[in-house]
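Trainee: Produce the entire structure from the sequences given, and follow the hints as far as they go.
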Amino acid sequence: MATKLNNPRGTSDILPDEISFWQTLESKGRQMLTLYGYREIRTPVFEETALFKRSLGESTEVVNKQLLEVKSQRVDADEASSLALRPEGTAPIVRAYNQNDLGREEYLSKLFYIGPMFRGERPQKGRLRQFHQIGAEAIGRGAHHPLIDAEMIALAVGMLKSFGVEGFRVKINSLGSSEDKANFAQWLRAQLKDRINHLSDDCKNQYERNVFRLLDSKDKDCQAVIRSLNIGTAHLSSKGLEYFNAVRCGLDSLGVAYEVSSNLVRGLDYYTHTVFEISYEGLGAQDAIGAGGRYNGLIEQLGGGDRRVEGEIGAIGFALGIERILLALEEQGKQVKAGRVIDAFVVTGSHAQVDAAFLLVDKLRQAGLSADMDYSARAFKKQFEHANKLGARFAFILGDEEIKKGQVSVKNMATGEQRSLSIDEAIKSIERS
RNA sequence: GUGGCUGUAGAUCAGUGGUAGAUCCCUUGAUUGUGGUUCAAGUUGUCGCGGGUUCAAAUCCCGUCAGCCACCCCA
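Counting in this note's numbering, the first sequence runs from 4 upward without gaps.
Among the clues, some could well be false.
Stated by the list, open to error - Cut-off 25 Å, straight-line C-alpha distance, at most; resulting in silico cross-link-like pairs (SDA-like, lysine to any residue):
id	residue 1	residue 2
1	Lys56	Pro126
2	Lys207	Asn233
3	Lys196	Arg212
4	Lys242	Leu232
5	Lys407	Val357
6	Lys174	Tyr39
7	Lys242	Val263
8	Lys221	Lys242
9	Lys392	Ile22
10	Lys68	Tyr39
11	Lys31	Ser282
12	Lys164	Lys74
13	Lys337	Ser165
14	Lys366	Lys337
15	Lys128	Arg107
16	Lys56	Arg269
17	Lys242	Asn103
18	Lys31	Val344
19	Lys74	Gln133
20	Lys408	Arg368
21	Lys366	Glu434
22	Lys392	Val344
23	Lys337	Lys207
24	Lys431	Ile406
25	Lys385	Val357
26	Lys221	Asp255
27	Lys384	Ser425
28	Lys196	Lys128
29	Lys384	Ile433
30	Lys392	Ala370
31	Lys340	Ile17
32	Lys414	Asp375
33	Lys128	Ala288
34	Lys407	Ala382
I should point out that these hints are in silico values taken from the structure, not numbers from a laboratory.
Mentor: Following this line, the structure appears as structure tokens:
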């Protein structure tokens with residue numbers, strides 16, 4: 004016997020019973036994003052590997068270990084390019100923004116995306132190799148204002164609420180400008196220099212690669228050392244602090260609840276100023292259902308904007324993880340699966356009526372009603388079972404008696420009530436209900 | 001990439017060396033034109049895969065793959 008093939012590790016099938024929930028999530032998300040002035044953009048699922056290396060940072064885990072590179076004879080033959088499945092949505096959008104010169108036409112581009120992302124990680128709860136994100140990016144010369152940061156966070160919160168997620172926490176922090184960030188890194192390294200050797204190998208590693216990571220380390224000893232540094236907002240320049248305070252004012256005026264967490268850092272190199280994370284307790288180790296931040300330098304870093312004016316183009320964005328939102332909703336006891344429903348199922352008495360039933364089904368569909376039938380005229384019992392499984396609201400019975408009278412029997416499957424009507428009346432009767 | 005736990009029917013799981021099991025699902029039937037409830041009967045299997053120990057392995061040992069959870073990292 005032929006061996007059965009399985010899906011690749013870390014992927015999952017979204018089956019028909021689950022898909023309607025995905026669809027409502029997507030449409031609610033689109034609705035909310037449209038209210039805030041965002042327009043959908045679709046970029047390829049794979050890009051040149053260099054794009055991710057330059058944007059996320061060579062040293063980040065995502066680029067170093069988790070990038071799924073595309074290998075094919077055709078690709079390898081073209082030695083100039085190496086391709087990778089996108090691990091996140093921001094870099095491709097910035098690439099598209101630059102390539103299509105969107106900044107020429109728009110002072111502020113508000114873009115959103117929905118789609119699969121790919122990371123070659125070891126799967127666990129809330130972590131897949133193919134997962135789905137819904138995210139938004141505001142990019143442009145007009146994207147520098149702190150109220151945009153506030154609006155963005157409010158949008159993410161609003162979307163989660165519209166999905167029915169409750170009890171999540173919004174944490175925000177500011178990394179300051181890229182100069183602030185560089186100074187902060189230097190200061191941190193200097194502070195930790197003498198103590199780092201007492202800490203675990205992981206911590207030493209992070210010290211070398213990306214000091215900021217130490218701030219939200221789970222290692223207890225490391226946490227203690229960080230706490231003793233008493234960081235707060237001391238690393239911010241006056242301008243950076245002013246910006247951060249303006250963001251907070253914006254959030255306050257919109258009534259968005261949040262907490263400031265000076266240990267919050269994001270793993271991707273491109274973040275500056277505002278960073279935020281929305282977490283949901285009870286999801287296990289992977290408790291972030293959404294996160295984002297500002298990345299002002301990235302557009303120029305990827306060759307866009309006017310290179311004579313440094314930092315001209317501002318940008319901020321966030322992404323929500325759809326699978327994690329689903330986990331949170333399940334955790335709350337919400338139903339995320341749905342059975343099927345159709346308007347009418349046509350039951351036929353014998354093979355002689357199959358043609359007539361075929362036409363009746365067509366007529367129902369023409370009238371905008373979902374309809375199906377049994378093509379092989381099985382026993383009535385079987386056909387009713389079938390109708391039940393399809394979630395039919397009504398059964399239309401077409402047998403010898405009905406044909407003789409030129410009518411059809413309509414049975415309400417919920418109440419069991421049944422009556423005989425002409426075909427047109429029958430269709431009208433279920434249209435109304 | 002590292003560690004822990006787990007792989008038995010379509011699903012959830014029991015079975016610790018001696019004939020492969022339960023429940024749900026599914027199939028059939030309970031006066032031949034009526035489902036969702038009930039009742040009766042029936043079908044489900046390379047016991048994840050490969051090797052080893054043994055008269056005998058789902059069970060013990062080794063390897064491997066996969067799933068889950070945690071580290072790391074992140075949505």
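Trainee: Evaluate each hint against the coordinates.
Mentor: Verification of the hints:
no., hint, in the structure
1, Lys56 to Pro126, "23 Å, holds"
2, Lys207 to Asn233, "20 Å, holds"
3, Lys196 to Arg212, "14 Å, holds"
4, Lys242 to Leu232, "23 Å, holds"
5, Lys407 to Val357, "15 Å, holds"
6, Lys174 to Tyr39, "22 Å, holds"
7, Lys242 to Val263, "18 Å, holds"
8, Lys221 to Lys242, "31 Å, violated"
9, Lys392 to Ile22, "18 Å, holds"
10, Lys68 to Tyr39, "36 Å, violated"
11, Lys31 to Ser282, "20 Å, holds"
12, Lys164 to Lys74, "41 Å, violated"
13, Lys337 to Ser165, "14 Å, holds"
14, Lys366 to Lys337, "37 Å, violated"
15, Lys128 to Arg107, "43 Å, violated"
16, Lys56 to Arg269, "16 Å, holds"
17, Lys242 to Asn103, "32 Å, violated"
18, Lys31 to Val344, "21 Å, holds"
19, Lys74 to Gln133, "17 Å, holds"
20, Lys408 to Arg368, "23 Å, holds"
21, Lys366 to Glu434, "13 Å, holds"
22, Lys392 to Val344, "9 Å, holds"
23, Lys337 to Lys207, "43 Å, violated"
24, Lys431 to Ile406, "19 Å, holds"
25, Lys385 to Val357, "15 Å, holds"
26, Lys221 to Asp255, "30 Å, violated"
27, Lys384 to Ser425, "24 Å, holds"
28, Lys196 to Lys128, "35 Å, violated"
29, Lys384 to Ile433, "23 Å, holds"
30, Lys392 to Ala370, "23 Å, holds"
31, Lys340 to Ile17, "11 Å, holds"
32, Lys414 to Asp375, "15 Å, holds"
33, Lys128 to Ala288, "8 Å, holds"
34, Lys407 to Ala382, "20 Å, holds"
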